[in-house]
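Protein chains in written order, with the numbering used here: chain A, 4 to 256; chain B, 659 to 956; chain C, 132 to 412.
Derived by calculation from the structure, the hints in this document are not laboratory data.
Honestly, I wouldn't trust all of these hints.
[Unchecked claim] Lysine to any residue pairs mimicking SDA-like chemistry, simulated, CA-CA at most 25 Å apart:
1) B:923 to C:228
2) C:227 to B:923
3) C:291 to B:947
[Stated by the list, open to error] Distance windows between CB atoms, simulated:
4) A:64 to C:168: 38 to 46 Å
5) B:721 to C:178: 27 to 35 Å
6) C:138 to A:200: 49 to 57 Å
7) A:60 to B:708: 52 to 60 Å
Even for Gly, the Cβ is constructed at its ideal location relative to N, Cα and C.
In case you want the letters, here they are:
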Amino acid sequence: MNENTKIKVEHLDLYIGKQHILKDINIEIPENKLTIILGPSGCGKTTLLKCMNRLTDLYHDVKINGSIFIDNEDVLHTKTDVTEIRKKMGLLSQRPFPLPMNIYNNVAYGLKISGRRNKKALDARVENYLKQVNLWDEVFDRLHEPASKLSIGQQQRLCLARGLAVDPEIILADEPTSALDPISSETIERKFEELKQQYTIVMVTHILRQARRIADYVIFMYMGEVIEQGPAKEFFENPKMERTKAYLQGAFN
Amino acid sequence: MIVLFYNRKTKNRISTAWMYIAISFVVLLPFILGLGLYFKSSLLFSENSLGDLLFSKVWKPSIGKFGFLTFIMGSVWVTFIAMLISAPICIFAALSITQYSKKFYLKIIHPVIDILAGLPSVVYGVWGIIVVVPFISTVIAPLFGAQTMGYSILAGAIVLSVMIIPFILNILIEIFRTIPIELTEASLSLGATKWETIKYVLLKKALPGIIASLGFGLARAFGETMAVLMVVGNMVQIPKNVFDAGYPLPALIANNYGEMLSIPKYESALMFAALILFVVVMVFNALMRMLIVRYDKY
Amino acid sequence: MLKKIEEIFFRSLMLISNLLIVSVLVIILYSIFRKGLGALNWEMLTQRPHGGYYYGKEGGVLNAIVGSLYLSFGATLLATVIGVPVALFMNVYLVKRRKILNFIRFLLDLIWGVPSIVYGAFGFGLMVFLGIKTSLLAGIITVTLFILPIMIRACDEILKTSPLGLLEAALSLGSTKTETSFRVVLIQSFSGIVTAILLSFGRAIGDAASVLFTAGYTDSIPTSLNEPAATLPLSIFFQLSSPVPEVQNRAYASAVILIIIILVISLLSRALSKKYHKNRI
């Protein structure tokens with residue numbers, strides 16, 4: 004394994020019922036970089052992302068073969084403590100889903116779950132993470148209102164804060180800007196640029212321009228297969244595969 | 659006429675008219691029901707105050723005394739105990755069905771719930787007589803040092819609880835299924851276990867729905883007739899414990915239909931009992947609906 | 132550690148709840164079949180009660196079986212004629228009128244919950260008002276009222292999920308195309324609607340409280356709508372209150388017959404709805 008590889012996927016196959024959704028996936032995701040998983044909708048990007056923290060466990064009829072190593076530990080191994088693994092990864096989904104509680108508790112939730120109940124320490128951390136996502140100024144005077152009352156853009160930033168609060172090493176983001184207005188999208192993108200100093204970020208998107216803007220490393224998927232992967236510059240300027248070229252020139256959709 | 663029928667426009671007009679008639683009828687039905695029952699029981703109101711009717715326990719139709727308290731209390735007891743039994747069972751079963759169960763188990767449990775929901779009231783009553791009543795008189799009552807034939811509030815409540823389980827459970831399953839899976843995903847990826855996710859997120863999100871489903875179940879239980887009637891003992895007394903026989907409102911109506919024409923005002927009294935059931939059930943259901951609608955907005 | 136124990140505790144409660152639900156069905160079916168199968172014979176199914184039947188002499192419950200079938204067919208037919216157009220109307224004409232639609236659904240949900248004994252009492256009042264005596268007709272009218280909300284709501288649920296319904300509704304806003312849209316929507320959702328009708332039929336055949344006052348009871352098989360009719364649930368009820376053991380056993384046998392009818396209906400509608408929503412478990 005490459006020294007600064009954070010996540011390594013080996014021979015991953017995934018079936019839902021009889022459908023072969025992911026086909027022999029082999030990828031390496033570098034540490035403290037922003038990796039984009041790119042591809043047209045329905046190519047299996049989101050499924051791949053959900054494999055990484057085993058959210059696939061929630062679905063019926065899913066069969067997975069292969070391994071996903073995070074720091075040399077196989078996520079898919081049955082003996083792995085899923086809860087511990089999941090703590091290493093923050094998740095940002097397509098639309099924000101704030102927990103059914105107030106703003107404060109949304110951020111404090113993960114901390115309280117892992118047993119940190121000191122009020123002062125919690126207060127400080129909640130403030131810190133809300134500041135990190137530039138939300139503090141907007142909500143500091145209504146921390147005890149339901150999170151569902153925030154705007155969508157605010158909710159998405161809250162979801163990011165709540166994910167950061169549990170000290171993950173990796174951020175998994177599934178088209179995190181697709182439901183947002185341009186300004187909120189930009190905030191999230193810029194936040195990612197900062198966060199990648201400390202976190203390994205894996206982001207799924209089908210927006211080519213977005214990938215060009217922020218990617219360090221690109222994995223291109225099509226119909227459940229990885230077609231090409233490599234550093235962003237190389238990928239965009241000098242793609243090797245015909246399919247990639249066609250995609251970059253806009254031949255798909 | 660036949661010629662008219664072949665004319666498409668006329669055909670269209672007739673079918674449209676029929677739809678308007680049908681829908682007006684359906685919309686008016688609850689009001690017709692309520693007013694009809696009120697009208698039929700009005701004879702009773704002319705001589706008794708509403709307070710007397712509801713809160714007096716003197717039931718002497720032959721001298722024109724109609725106090726419904728005994729029957730109301732009978733209904734309240736049976737319904738309340740049935741809810742105590744079925745509410746936890748339904749909530750736990752719904753959680754396991756929606757959150758933990760494998761597909762092959764769902765293929766078993768769904769038909770089981772469907773069949774339980776479809777079994778007629780009388781069948782539950784028969785089961786109550788064969789199994790529940792003897793079980794109470796020979797096993798449960800001696801355990802508490804009580805003596806009973808088995809025909810009791812408890813028998814009615816047990817039978818009733820089984821009857822409303824599929825009803826409540828189906829609503830609960832629906833409620834848990836409509837919670838977006840992303841919420842579970844979010845909680846899990848914050849390091850919560852599955853149970854913590856259920857405890858802190860799902861139950862909280864579903865709370866109004868859970869209350870409503872129990873409310874619907876309660877309303878359903880309150881009006882259930884035949885099965886309860888067959889096992890509850892039907893003695894005009896306010897029960898003091900669960901081993902006493904009781905006499906719920908629906909049983910009162912069902913048992914006395916033959917006599918109702920022989921004593922003046924008796925028919926009116928039975929219609930009033932039906933009116934009580936109607937109002938309680940309507941009000942309860944309306945409140946629960948509003949609870950759900952209000953919560954849907956968030 | 133405490134977390135683990137808590138989770139195990141609640142998971143066992145869940146397991147127990149599931150076990151209770153499944154086993155209670157098994158116990159119900161087992162206990163009734165065990166008592167009833169012995170008394171169930173060909174005579175039960177094919178004979179009317181003869182003189183002395185209620186003292187244990189020969190005869191059967193054909194009167195009740197046929198009475199129940201007549202009554203349920205009649206009521207289901209009537210409810211279909213009223214209910215299906217209403218459900219179609221709601222999902223084609225009213226689909227854009229959210230407020231009215233929600234109000235109607237609200238009302239339907241309310242009367243859906245009204246207990247059958249209340250319909251029974253109301254039906255009796257209606258009967259007196261209309262001047263008809265206890266009869267098949269009075270029973271059919273009462274049961275129709277009782278299953279109508281069930282039928283409409285079930286059809287409504289089916290039509291609501293039919294995407295074509297929405298599309299056609301959008302097309303037919305001018306109401307010129309209603310005819311076609313009805314035809315298309317109806318065909319599209321046909322098996323779903325049949326399921327809803329079966330469901331209502333099952334409710335009709337199983338209910339006793341609504342026909343207690345209205346359908347009367349007789350040992351003969353009704354030949355016209357004006358004659359009283361026996362029903363299976365009521366015959367179970369009456370036979371069970373007899374002190375004669377043979378008659379009680381026949382009550383159990385009648386219960387077996389009723390359960391089998393209900394199971395057949397349930398199986399039929401399951402098969403149909405499986406065909407209808409392929410993805411539903």
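Hint check results:
no.: 1; hint: B:923 to C:228; verdict: 46 Å, violated
no.: 2; hint: C:227 to B:923; verdict: 49 Å, violated
no.: 3; hint: C:291 to B:947; verdict: 19 Å, holds
no.: 4; hint: A:64 to C:168: 38 to 46 Å; verdict: 40 Å, holds
no.: 5; hint: B:721 to C:178: 27 to 35 Å; verdict: 47 Å, violated
no.: 6; hint: C:138 to A:200: 49 to 57 Å; verdict: 37 Å, violated
no.: 7; hint: A:60 to B:708: 52 to 60 Å; verdict: 58 Å, holds
The structure does not agree with the numbered hints 1, 2, 5, 6 stated previously, though it agrees with the rest.
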